[in-house]
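Peer 1: Spelled out from the first residue to the last, the chains are:
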Amino acid sequence: MTNHWVDIRNANLILSMGGNSAEAHPVGFRWVTEAIEHNNAELITIDPRYTRTGAVAQDKAFIRTGTDITFLGGLISYLIETNQIQREYVVNYTDASLLVREDFGFEDGLFTGYDPERRAYTDKSSWMYQVGDDGYALRDTSLTNPRCVYQMMRAHYSRYTPELVSSVSGVPVGDIQRIWRKIAATSVPDRTMTILYALGWTQHSIGSQIIRTAAMVQLLLGNMGMPGGGVNALRGHSNIQGLTDLGLLSQLLPGYMSLANASEQDYRPYIDKRAKQPLLPDEVSYWKNYEKFHVSLMKAWFGDAASEANNWCYNWLPKLERPLYDVLDTFERMSKGEINGYFCQGFNPLASFPNRAKVTAALSKLKYLVIMDPLNTETREFWHNVGEYNDVDSSQIQTEVISLPTCCFAEDDGSIVNSARWLQWHWVAAPPPGEARPDTQIMADLFLRVRRLYEQEGGVFPDPIVNLTWDYKQPAKPSAEELAKEYNGRALVDLTDDQGNVTRRAGEQLASFSELTADGRTEAGCWIFTGCYSEEGNLMARRDNSDPYGIGQSLGWAWAWPANRRILYNRASADTEGNPWGANKALVWWSSEQGRWIGADIPDFPAQSPPSAGLGPFIMQPTGGGNFFGGQSMVDGPFPEHYEPFESPVGQNLLHPNNPLARNNPAARIFAGDREALGSWEEFPHAATTYRLTEHFHFWTKHAKLNAIVQPEQFVEIGTALADEIGVSKGDRVRVSSRRGSIYAVAVVTRRLRPLRIGDRDVHHVGIPLHWGFTGVAKKGYLVNALTPFVGDANTQTPEYKSFIVKVEKA
Amino acid sequence: MTVNVTRRQFFKLGAAGAATSSMAMMGFAPESAEASVRRFKLTHTKETRNNCTYCSVGCGVLIYSLGSGGENAHQEVMHIEGDPDHPVSRGSLCPKGSGLLDFVRSDGRLEYPQVREPGSSEWTRVTWDDALNRIARYIKDDRDANFVQRNAQGQTVNHWTTTGFLAASGSSNEAGYITHKVVRNLGMVAFDNQARV
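Chains as they are written, first to last, in this note's numbering: chain U, 6 to 816; chain H, 854 to 1050.
A couple of the hints might just be wrong.
Lysine to aspartate or glutamate pairs mimicking DMTMM-like chemistry, simulated, CA-CA at most 20 Å apart [to be verified]:
1. 281/U - 86/U
2. 372/U - 997/H
3. 785/U - 955/H
4. 370/U - 64/U
5. 812/U - 767/U
6. 297/U - 277/U
7. 370/U - 970/H
8. 784/U - 983/H
9. 490/U - 513/U
10. 710/U - 929/H
11. 372/U - 983/H
12. 370/U - 994/H
13. 341/U - 271/U
14. 370/U - 326/U
15. 590/U - 541/U
16. 297/U - 513/U
17. 482/U - 499/U
18. 710/U - 960/H
19. 187/U - 64/U
20. 482/U - 924/H
21. 482/U - 983/H
22. 490/U - 541/U
23. 785/U - 960/H
24. 341/U - 983/H
25. 710/U - 983/H
26. 297/U - 503/U
27. 370/U - 995/H
28. 372/U - 970/H
29. 784/U - 960/H
30. 710/U - 955/H
31. 482/U - 970/H
32. 784/U - 396/U
33. 297/U - 271/U
34. 187/U - 86/U
By construction, these hints were calculated from the structure, which means they are not laboratory data.
Everything numeric in this text was worked out from a predicted model, so none of it was measured.
Please take these sequences and the hints and turn them into a complete structure.
Peer 2: Here you go:
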């Protein structure tokens, strides 16, 4: 979330799209109802289904799954053409005025630089601003130059007329225009819209670009950095934010740093590429400090072994030979027998990954599989014959499975990061059952055993293993506090200011990432967390819930990254003079008396830089502004474009009906076998989407009696029109099949799903809740990922669970 | 409307499970207190601050457990409810959070290290030493056999692609940090968490 849960109450309009927070985040949703009750706010939902969120919305529209970019792209065009934008914000706080290179273009669904053979944009050199001799981007603040981002964006979305949007998305033109009008009303400075989304936006082959489109809308309306504004990802797990922040993804290091590619053989170019320099004069461009964060991480991991002489152990980190070693890539390789060992720490891939048949076959090719989990997961039992629910022959599966029981949340200390970036500390309440152990202890003990083998036997490239810092009081049982202090970071020698005064004694915990240095004098395992465990103590454990400004900013509760800041980009909540855009939207502002930024939040800005200096509020960006033009940051284009899901219930992309290359996301990766396993809409005519129910959490709560009682049996939701068409009554069992597999479930026949008119036919949606499996105390059910396609978002490889095609029939 | 109930009646009502917190919201509240051991089931419990382990709202919870923490004391979580001080959740829990106790005490909890041998259709209990030594040996053997120091182009890559690791977004930052520290420095790149799905 750019903002936070309580801040939703400050919104004037709430757009819930790509998510169903009343169902999936019910207690967070109370702040939506708070805004409706006490801030006279309106809630609008746009979803394929009539959801629990929609049930309390003042306005709603129903949209075909996977077509959100058409609705939002059309909205961009509407805002521009009707001049309902926050112009002062757009001119001063975004890249709208920057000029794009003359050789950049877009033709029939493809941006410049596409290689159809490799299904990738292999030449992104034109995806850039025009740069002058001084190295800075050229701009036209009148926004009239046809090459300025604003005019380029305007031209790009001019194709997204209400009629076109309606014909692709199935939303009637009247609904589109009514909702666009309401959203446009937040372009005035003192009204804000917040956007709430979840996996209904991420789980598409165009997922990242849907979210970009939403951010562009918010920039045009001046809603970023504002109380009651922002683009808010409502994340799905209790610490999925923390694990992302800590970089537990194939290509990342902690704090959104990234591993080197194989082509980056030398340290200095690796740093220079990531240490982004300002693209406009004097801008902050905070990533220019990348080396300070990187060296501090290397010191945390390798201590004295990391020195300037060996480039801070640059070559000890693995380098990448492909852009991502994501889970789809890994299971593709596993299915070919290229993976020998696999670890599942609190993760249930048999249930969670697409095309279950492929996942079973892949796991069966492993030599060994290690399960670390508090619960008996389906993956742990993947070799176990459970009749129709897991129809395998154990004797033919040669994978050795080693199962290690772990603690659950009630049985260990530590912090988790909620969706609002709050690091909240928790304490152990009781010991775990039997011999279960905390994950921290298991990882430490396992590491020490591996290291001992390397010390005793030698082996291949032992350097990073035998030199890894391990200064824990009990080496096999590091405490949560020790680990938290390590990722916070400390001074390794006395730190001094320009005058030579000591600002931080050697050994002291750091209070801010601004203290980090690139010369080995500091260490920090995750720079964005620096400040959470300072000399003041463990700030994540704070419990002061006071709200001095009365706008829901409890800065004394826990600790938020970065720097305990609760609303990102909050400098943009003030105008170019430093005054709040509206009295009811005051968040941070310039105090000429104090000569610094003050207010209800930690300013996301150099605290003493006056408005007259004119720095942009988006300090992580080289331009200082929010970017409409994505530059080279995305693999599939600088402006979001609609492409059909890889399995679509309509035959063509109406935006590019004559270019088969632009039917689906042209830059999305799909393996040959998985393309062959895609179905056609003639055979599988129903649009399918998977989702959660409020009574369950993934595949965990079917192990909890209460949840198994309130929602005991697997079902799918179909509309009354579809039920009539296929002769199904409520309570009948139905078979749902895709090209990859099938499941059986009870049919809930409901008016909450209604057909959408697309072209010359009605498209029916099928709703598939995902919570059942073959372990636990609920009734056994079928893993719904038997149905889903093995293809992901072009940028993140998040599987396309929200848009695929099936056939529903009476069982 | 406020319905007066004794704390004992309140907990009997609460035995209905998911209904507990919503009834509190509806105005059912325990009368303040006549002390008695039976009535105050929570009197001799330890109260621990925690957060719900499910979605990302991060609702505050209070966990009540028996036992002092002493070596010979029997400790067990016996009640979980919302933390009224929490600025987001303010004491509320949803139907998932209301069932947390049944997750902690689920029959599906794993208690001992176990191994399923190749081709077998059953689990065998092993010791932690057996399990961890076996895994450490597999790690070292596979890493030594398949670690790539230089690729076909002669570039230094120092990576290990034949073993992969999925980390848990239900675990703490501290578990995540030490997992990253260990996994990455073994040279692994096929490393992800639920953020990818």
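Peer 1: Against this structure, judge whether each hint is valid.
Peer 2: Here is what the structure says about each hint:
Restraint check: the Cα-Cα separation between residue 281/U and residue 86/U comes to about 34 Å, which exceeds 20 Å; the hinted pair is violated. A hinted pair counts as satisfied when its Cα atoms are at most 20 Å apart, and residue 372/U with residue 997/H qualifies at roughly 15 Å. Between residue 785/U and residue 955/H the CA atoms are separated by roughly 18 Å; this keeps the pair inside 20 Å, and the hint holds. Restraint check: the Cα-Cα separation between residue 370/U and residue 64/U comes to about 51 Å, which exceeds 20 Å; the hinted pair is violated.
The hinted pair formed by residue 812/U and residue 767/U meets the criterion: a straight-line CA distance of about 14 Å does not exceed 20 Å. Taking the CA atoms of residue 297/U and residue 277/U, the gap is near 12 Å; set against the 20 Å cutoff, the hint holds. Between the alpha carbons of residue 370/U and residue 970/H the distance comes to roughly 14 Å, so the proposed pair stays at or under 20 Å and holds. Taking the CA atoms of residue 784/U and residue 983/H, the gap is near 35 Å; set against the 20 Å cutoff, the hint is violated.
With a C-alpha separation of about 10 Å, the suggested pairing of residue 490/U with residue 513/U holds against the 20 Å cut-off. For a cut-off of 20 Å, the pair hint linking residue 710/U to residue 929/H stands: about 18 Å separates their Cα positions. For the hint pairing residue 372/U with residue 983/H, the CA-to-CA distance comes to about 17 Å; that is within 20 Å, so the pair holds. In summary, the hint linking residue 370/U to residue 994/H is supported, as the alpha carbons are separated by about 18 Å, within the 20 Å threshold.
Pair hint residue 341/U plus residue 271/U does not hold up; C-alpha atoms about 33 Å apart against a cutoff of 20 Å. Distance restraint check for residue 370/U and residue 326/U: the Cα-Cα separation of roughly 23 Å exceeds the 20 Å cut-off, and the hinted pair is therefore not satisfied. For a cut-off of 20 Å, the pair hint linking residue 590/U to residue 541/U is broken: about 32 Å separates their Cα positions. A hinted pair counts as satisfied when its Cα atoms are at most 20 Å apart, and residue 297/U with residue 513/U qualifies at roughly 18 Å.
A threshold of 20 Å between alpha carbons decides the hint, and for residue 482/U with residue 499/U the separation of about 30 Å lies outside it, so the pair is violated. As the CA atoms of residue 710/U and residue 960/H are separated by approximately 9 Å, the hinted pair is consistent with the 20 Å bound. Straight-line distance between C-alpha atoms of residue 187/U and residue 64/U comes to about 10 Å, which keeps the hinted pair within the 20 Å bound. Taken as a hint, the residue 482/U and residue 924/H pair is honoured in the structure, with Cα atoms around 18 Å apart against an allowance of 20 Å.
About 18 Å separates the Cα atoms of residue 482/U and residue 983/H, which keeps this hinted pair within 20 Å; it holds. The straight-line distance between the Cα atoms of residue 490/U and residue 541/U is roughly 12 Å, inside the 20 Å bound, and the hint therefore holds. Of the supplied pair hints, the one linking residue 785/U and residue 960/H holds, its CA atoms being roughly 15 Å apart against a limit of 20 Å. Annotation: proposed proximity of residue 341/U to residue 983/H is violated, straight-line Cα distance about 30 Å (limit 20 Å).
Simply put, residue 710/U and residue 983/H have alpha-carbon atoms about 33 Å apart, too far for the 20 Å limit, and the pair is violated. A distance of roughly 17 Å separates the Cα atoms of residue 297/U and residue 503/U; the hinted pair therefore holds under the 20 Å criterion. Restraint check for residue 370/U and residue 995/H: the C-alpha separation of about 15 Å stays at or below 20 Å, so the hint holds. Taking the CA atoms of residue 372/U and residue 970/H, the gap is near 10 Å; set against the 20 Å cutoff, the hint holds.
About 15 Å separates the Cα atoms of residue 784/U and residue 960/H, which keeps this hinted pair within 20 Å; it holds. The hinted pair formed by residue 710/U and residue 955/H meets the criterion: a straight-line CA distance of about 6 Å does not exceed 20 Å. Taking the CA atoms of residue 482/U and residue 970/H, the gap is near 29 Å; set against the 20 Å cutoff, the hint is violated. Between residue 784/U and residue 396/U the alpha-carbon distance is near 17 Å, which keeps this suggested pair within the 20 Å criterion.
A C-alpha spacing of about 17 Å is found between residue 297/U and residue 271/U, which places the hinted pair at or below 20 Å, so the restraint holds. Proximity of residue 187/U to residue 86/U is assessed by CA-CA distance (about 16 Å); at most 20 Å being required, the pair is judged to hold.
In this structure, the hints that do not hold are numbers 1, 4, 8, 13, 14, 15, 17, 24, 25, 31, in rising order.
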